[in-house]
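In case you want the letters, here they are:
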Amino acid sequence: MTNISLEAPEAVRGQPYPGAPDNWKRFFTFSTDHKVIGIQYIVTSFFFFLIGGTLSMIMRGELITPDADLVDRTVYNALFTMHGSIMLFMWTFPVLVGLGNYLVPLMIGARDMAFPRLNAVSFWMVPVVGILMLASFLVPGGPSQSGWWAYPPVSLQNPTGNLLNGQVLWILAVAISGVSSIMGGVNFVTTIFKMRAPGMTWFRTPAFVWSVLGAQLIQLYGLPALTGGAVMLLLDITIGTSFFAPERGGNPILYQHFFWFYSHPAVYVMVLPAFGIFSEVLPVHARKPLFGYRVIAASSILITVVSGAVWVHHMFASATPGWMRILFMVTSMLVAIPSGIKVFGWVATIWGGKIRFTTPMLFALGGISNWLFAGITGIFLASVPIDIHVNNTYFVVGHFHYVLYGAIVMGIYAAIYHWFPKMTGRMYYEGLGKLHFALTYLGTALTFLPMHPAGLMGMPRRVASYDLEFAYWNVLASIGGFLLGLSTLPFILNMVSAWIRGEKVGNNPWRAYGLEWLTSSPPTVENFEETPVVVSGPYGYGRNQPLVGNIPNPGLTQFPESLTQQQTS
Amino acid sequence: MMKLRAILIMTVYAILVAMTSLWMAKQSYSWFPPEAAAEAKLLDDLFSLFTGLGTFIYLGVIGPFLYSLVFHRASKYDMSDGPPIEGNTWLEIVWTAVPLVLVLTLSFVSYRTYEKMAVRGPMELVHLHMPQIIQPAYAEPFDSKPQQEIQNAVETAPIEQIDVTAKQWAWIFHYPKQDITSTELHLPVDRRVRFTLRSQDVLHGFYIPAFRLKQDVVPNHEIDFELTPVKTGTYRLRDSMFSGTYFAANQADVVVQPFNEYQQWLADAAAGSPTPAFNRAAFEYSQANDRSGTTKDKVAVRGWDTIPPAPPPVVNYAPKREQES
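If you read the sequences in order, they're chains A and B.
So for the first sequence, our numbering puts the first residue at 1; every next one is plus one.
So for the second sequence, our numbering puts the first residue at 1; every next one is plus one.
None of these hints come from the bench; they were simulated from the model.
Glycine is no exception: its CB is placed at the ideal position from the N, C-alpha and C atoms.
Mixed in with the good hints there might be a few duds.
[Claimed, not checked] Stretch by stretch, here's where chain B covers chain A in the computed footprint (C-beta under 8 Å, at least three residues): (1) 132 to 138; (2) 292 to 300; (3) 327 to 333; (4) 336 to 343; (5) 355 to 361; (6) 390 to 396; (7) 538 to 544.
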């Protein structure tokens, strides 16, 4: 094996070590190639997506009747705790980091991330976190039952009396996940600042890269607060300190400040990359430049800044003084401005375009329409009096899942379909993709829309049983939830079979602008044969101008000259 | 000609959207439980305003969005690009400024509504322990019917004081003047009521959906909370802040009744001897731990250990309704 490098020096250039496998086995190695790590992240997180989804379907099974009769109340509490924790820490964050890992170096013309080994270490902490989370099902007393936000004093109560319990494992998992994400954040920010190709000025940098930059800056300022809060909680549980324990004089509200200082901006850590994906997918499949690219790019950073001052809106009903309620109401509502700028820009992008309903386009459009709805209910939640009525009800659950499933998961699917040909060199099956979209879109609406009226009527969240008056909306939501479970099947079938025997397509099947489409599919080890020199902005559709000076874009000349001339003349 | 037609279409669409928004704003009142408190009316008006504006924005954006999806699609063999329009400064300024004005307005209106509700006791409004200096919001000139109701309630009668204790998992209501305890909350209609909220263990949420009001109950912390019931009937009090295993079962009935009936109830309760009240958490816990119990098979999946619920509270007034279930 060691003499491969002598026989084929070109093929292994940049490999982590001589003789590293060049087939599917490389995904099981400590590879430092950002593309391998990206796919490692994506596939690992999908595994946990299915686990988290299964937990949610047991919950919807419990909630299809008003009584607590499918699972015991303690099991139900553990289910929603683990559902939330797994979906956030093991699915949404990792899959978006994976997409960023795969795409950012390619999009900015870099050979790899700034710190390849740190990148690999960040990834390998993710399975450790996952194992800790799942192991908590096996310890006496079961997993944490205090919800994904683990508010004390409930999270300090330990009915088994064991030091090794689900709550402690949960905190360890969250702390490790936080360390992994901070390392990732350092890596992304350094890469984006320092490794852009020559000629790629800030306003020639794709909107997706801007959005990842905004998201990762939040990780850097926010995560230390959450991780610190988690450590303090751990000390309260294990050695009996009294940061948050009221019976020892601690203040449980203090934890909420620590927690939400990060965990509200964390929503933007997740939704910003999804915005970036929408901004990349729409121009390609509508054949138009991204409308208002500069403001869309800058609004990502604006969201990063404003989101640093919105956390108290989760605590309007806590013992929060009036002035704080008013102040944070205004700042929370201000987030609507940069978000609105993006939505208007997307609508203007597709306006008058040459739209093609490919699967990634459908997911992007569906995600935007869901985001529009979720953004508007978000303004409702920022208003103090309305929030006093609906917080901690199913209205919030519905709103939150419209953001997460409706916009972010849709965006993730759009990205995976859009860049699938780049990652594998093969095309997915369009029919299965469209079936997947239809099931996902319908399932999202049927699951999460009914939660809004249930919440307005006063159904609290996190309940294992409820009053009869809420039954109608819950039956609908449960049917929708099972439909969402079903929707993943065509996706998995599509991805697996297309990766093995899908149609081979060229480097640029979408005829897209962007550095990532100038290299081979899948890209070679160090991405580019020759460092690209960028000479124009990122969305030159309809302009007939080159993106880089030194590499021709074969994708743009693949089509018969006569046809394009006919249309433009 | 084309421009005129476009303007005409847009005007017609804007009118349709405005009418739909108005209709939705009116509809929004029906999405709630009955308006049993003056504060609920204030909230519903505010919510209706938000619903109307929200619908207008949603339809205003989704209309052009769907229009381009339907009419701006590429034909099958059309490989060309769309027009390379990259931006429009004037348009971008407008669609930044309009939402900015809108959210600032909504913040202001929300703030006014919050002030009119004045749900936090005078001690809680500001962290100054000089209640006589802080003017409660209801002392300001009123400009709406619900606010007038709140004002009337304050002026016509002394404020009723009720102590509320939340614990895992029960609500206990104490009437200090008569020294009565109950697990059912009785309130006089059209009177201002002041609660002092306390928790014995974890965070709880004092939430009566029919009143649209909610306040977290924090251990080691007494929280004054005021409201004005204006409609007789029986409503539900729910724990809104997750409080552990039997969280969902931690509910109580709220009976709003005319003042004389309320007085009568107080007198009856004072005469009654203390009895243990039915408590769902304690009931379920004893069933689950009853080895020979017949209800053991009711739940498909057995769970893990839990904090034992407090024993059923012994109170002057214990409602009988729930004992059967």
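_Numbers of the earlier hints that this structure fails to satisfy, in rising order_ = Failing hint: just 1.
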